[in-house]
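Trainee: Throw the hints in and build the complete structure from the sequences for me.
Residue numbers (the UniProt record's numbering), protein chains in the order written: chain A, 1 to 338; chain B, 1 to 75.
These are computed hints drawn from the structure, not numbers from a lab.
Treat the hints with care, as some may be off.
[What the hints assert, rightly or not] As a list, the in silico DSS-like pairs of lysine-lysine whose alpha-carbon atoms are at most 30 angstroms apart: (1) A:Lys15 - B:Lys17; (2) A:Lys9 - B:Lys17; (3) B:Lys17 - A:Lys217; (4) A:Lys299 - B:Lys36; (5) B:Lys28 - A:Lys8; (6) A:Lys23 - B:Lys24; (7) B:Lys56 - A:Lys302; (8) B:Lys24 - B:Lys36; (9) B:Lys36 - A:Lys217; (10) B:Lys28 - A:Lys217; (11) A:Lys15 - B:Lys15; (12) A:Lys9 - B:Lys24; (13) A:Lys175 - B:Lys15; (14) A:Lys179 - B:Lys17; (15) A:Lys8 - B:Lys15; (16) A:Lys78 - B:Lys66; (17) B:Lys15 - A:Lys23; (18) A:Lys89 - A:Lys78; (19) B:Lys24 - A:Lys8; (20) B:Lys17 - A:Lys173; (21) B:Lys36 - A:Lys23; (22) A:Lys175 - B:Lys24; (23) B:Lys23 - A:Lys8; (24) B:Lys28 - A:Lys179.
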Amino acid sequence: MGEMDTLKKEADGLKTQIETARKAVNDTTMAAVASGVAAAPRIQLKNRKTLKGHLAKIYGLHWSADNRHMVSASQDGKLLIWDTYTGNKVYAVPLKSSWVMSCSMAPSGNLVASGGLDNMCTIVNIKAASPKTIRELDAHEGYLSHSRFLNDSEILTASGDTTCCLWDLETGKQKVVYKSHVGDCMCLAMSPDQNTFISGACDSSAKLWDIRDGGCKQTFIGHTSDINAIAFFPSGTAIITGSDDCTLKMYDLRADQEVNGYQDAALNAGVTSVSLSSSGRLVFAGYDNFNCNIWDSLKAEKVGVLSGHDNRVSCIGVPDDGLGICTGSWDSFLKIWN
Amino acid sequence: MPGVINMDELTDVDKAKMERDQKKIEVKLERWLTSKCCTEFMEAVQAGVEDDTLVKGIAEDKNPFKELKGGCVVC
Chain A
1 MGEMDTLKKE
11 ADGLKTQIET
21 ARKAVNDTTM
31 AAVASGVAAA
41 PRIQLKNRKT
51 LKGHLAKIYG
61 LHWSADNRHM
71 VSASQDGKLL
81 IWDTYTGNKV
91 YAVPLKSSWV
101 MSCSMAPSGN
111 LVASGGLDNM
121 CTIVNIKAAS
131 PKTIRELDAH
141 EGYLSHSRFL
151 NDSEILTASG
161 DTTCCLWDLE
171 TGKQKVVYKS
181 HVGDCMCLAM
191 SPDQNTFISG
201 ACDSSAKLWD
211 IRDGGCKQTF
221 IGHTSDINAI
231 AFFPSGTAII
241 TGSDDCTLKM
251 YDLRADQEVN
261 GYQDAALNAG
271 VTSVSLSSSG
281 RLVFAGYDNF
291 NCNIWDSLKA
301 EKVGVLSGHD
311 NRVSCIGVPD
321 DGLGICTGSW
331 DSFLKIWN
Chain B
1 MPGVINMDEL
11 TDVDKAKMER
21 DQKKIEVKLE
31 RWLTSKCCTE
41 FMEAVQAGVE
51 DDTLVKGIAE
61 DKNPFKELKG
71 GCVVC
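Mentor: In structure tokens, the structure reads:
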């Protein structure tokens, strides 16, 4: 047997052992455990504000840790920073490359990051006299799909080159490279304690990583297409993924497997984005079919819908204080609901 | 630098080794019963639901996103 065949046989054997171990602890379902819980009320959120200003598709949004400001990215070549209480634009950052796919804001509110088909992550100081690019992080070999700051000195990125990276912003260099996915990395989310993060990829798997040592600790399977969106539940013990296979899945980290699925035979649109309410009871999922569905995370029932966009909902986010939710769309508008 | 791998230099055999080695790590994980995990998860969620604005709603005068009408508020 050639070396490749031997290695493949070993890997397959280990995968079978893993599935057996998963089945052995699978003594109930979330649906069964939650059967005694009262159903979530029908959720009817009102569109409180529509933020107008972008001139093309919006690809990303991220709330500030101050629960009031927000950054959005559009292929009109701009990042806009909004005061969501007034609806006013506070800063506009022109981008060198208009092919932006994501944006994020540092917890301090001082820095924003953006990137996309230029394969770079550009870091801008928005608190300088006028927005100033301080770093261009340039080592990924594929598009930048997602980024999240740990602090003003470190940022995590996910890339179409199948890796994620932790960067040192003082030096502009990679500190850690996370390599295990075999498809483009599309999304990432940090754990509440910032010791680990999760990534979703076009290989249909989600992975849990140790931020500091770069090791992949767990791999979650089950989706049958690209995972476009991923989030930690507030408890930090479970995650949710959204996929082009039109479903969302909840995976529990300690059971190491899927414990709940969110799908509807009538839904044949891919999931583009996901965000959770402050308790984790509600899952907000943006789809290719212009809507955002609201799911009860425990009972896996649809409990509401946010409709109002005239094109795909590409990004969603709930601020840390949980007081509202923002949707961003290819129709160029951002809408705030509560 | 932890985890640095020059991807251009990875052969198919290298990739197969990486996958095999990754599964060797994952097979050792201690897994909890789903009954325990789901119960704890449900309890954690329900503990926060009363304070969850998107579930419970928000009073008009406490809503930071409400439509601003004309006029000023003098405090």
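Trainee: It remains to establish, for every hint, whether it holds in the given structure.
Mentor: Cross-check of the supplied hints:
Of the supplied pair hints, the one linking lysine 15 (chain A) and lysine 17 (chain B) holds, its CA atoms being roughly 14 angstroms apart against a limit of 30 angstroms. A C-alpha spacing of about 11 angstroms is found between lysine 9 (chain A) and lysine 17 (chain B), which places the hinted pair at or below 30 angstroms, so the restraint holds. Under the criterion of a C-alpha separation no larger than 30 angstroms, the hint pairing lysine 17 (chain B) with lysine 217 (chain A) is consistent with the structure, at around 17 angstroms. Between lysine 299 (chain A) and lysine 36 (chain B) the CA atoms are separated by roughly 17 angstroms; this keeps the pair inside 30 angstroms, and the hint holds.
Distance check on the hinted pair: lysine 28 (chain B) and lysine 8 (chain A) sit about 19 angstroms apart at the alpha-carbon level, within 30 angstroms; holds. Of the pairs offered as hints, the one joining lysine 23 (chain A) and lysine 24 (chain B) holds, with about 18 angstroms between alpha carbons and a cut-off of 30 angstroms not exceeded. Among the hinted pairs, lysine 56 (chain B) with lysine 302 (chain A) is consistent with the structure: their alpha-carbon atoms are about 17 angstroms apart, no more than 30 angstroms. For the hint pairing lysine 24 (chain B) with lysine 36 (chain B), the CA-to-CA distance comes to about 26 angstroms; that is within 30 angstroms, so the pair holds.
For the suggested pair lysine 36 (chain B) and lysine 217 (chain A), the alpha carbons sit about 21 angstroms apart, so the restraint of at most 30 angstroms is met. Among the hinted pairs, lysine 28 (chain B) with lysine 217 (chain A) is consistent with the structure: their alpha-carbon atoms are about 10 angstroms apart, no more than 30 angstroms. The straight-line distance between the Cα atoms of lysine 15 (chain A) and lysine 15 (chain B) is roughly 16 angstroms, inside the 30 angstroms bound, and the hint therefore holds. Our distance criterion of 30 angstroms between C-alpha atoms is met by lysine 9 (chain A) and lysine 24 (chain B), whose separation comes to about 13 angstroms.
Our distance criterion of 30 angstroms between C-alpha atoms is met by lysine 175 (chain A) and lysine 15 (chain B), whose separation comes to about 22 angstroms. Taking the CA atoms of lysine 179 (chain A) and lysine 17 (chain B), the gap is near 13 angstroms; set against the 30 angstroms cutoff, the hint holds. At most 30 angstroms may separate the alpha-carbon atoms for a hinted pair to count; lysine 8 (chain A) and lysine 15 (chain B) meet this at roughly 10 angstroms. For the given pair, lysine 78 (chain A) sits about 27 angstroms from lysine 66 (chain B) by alpha-carbon distance, which is consistent with the 30 angstroms threshold.
With a C-alpha separation of about 28 angstroms, the suggested pair lysine 15 (chain B) and lysine 23 (chain A) falls inside the 30 angstroms cut-off, and the hint holds. Between lysine 89 (chain A) and lysine 78 (chain A) the alpha-carbon distance is near 12 angstroms, which keeps this suggested pair within the 30 angstroms criterion. Distance restraint check for lysine 24 (chain B) and lysine 8 (chain A): the Cα-Cα separation of roughly 13 angstroms lies within the 30 angstroms cut-off, and the hinted pair is therefore satisfied. For the hint linking lysine 17 (chain B) to lysine 173 (chain A), the alpha-carbon distance of about 28 angstroms falls within 30 angstroms, and the restraint holds.
Taking the CA atoms of lysine 36 (chain B) and lysine 23 (chain A), the gap is near 15 angstroms; set against the 30 angstroms cutoff, the hint holds. With a C-alpha separation of about 25 angstroms, the suggested pairing of lysine 175 (chain A) with lysine 24 (chain B) holds against the 30 angstroms cut-off. Between lysine 23 (chain B) and lysine 8 (chain A), the direct Cα distance comes to roughly 11 angstroms. Compliance with the 30 angstroms bound is thereby established for this hinted pair. Simply put, lysine 28 (chain B) and lysine 179 (chain A) have alpha-carbon atoms about 20 angstroms apart, close enough for the 30 angstroms limit, and the pair holds.
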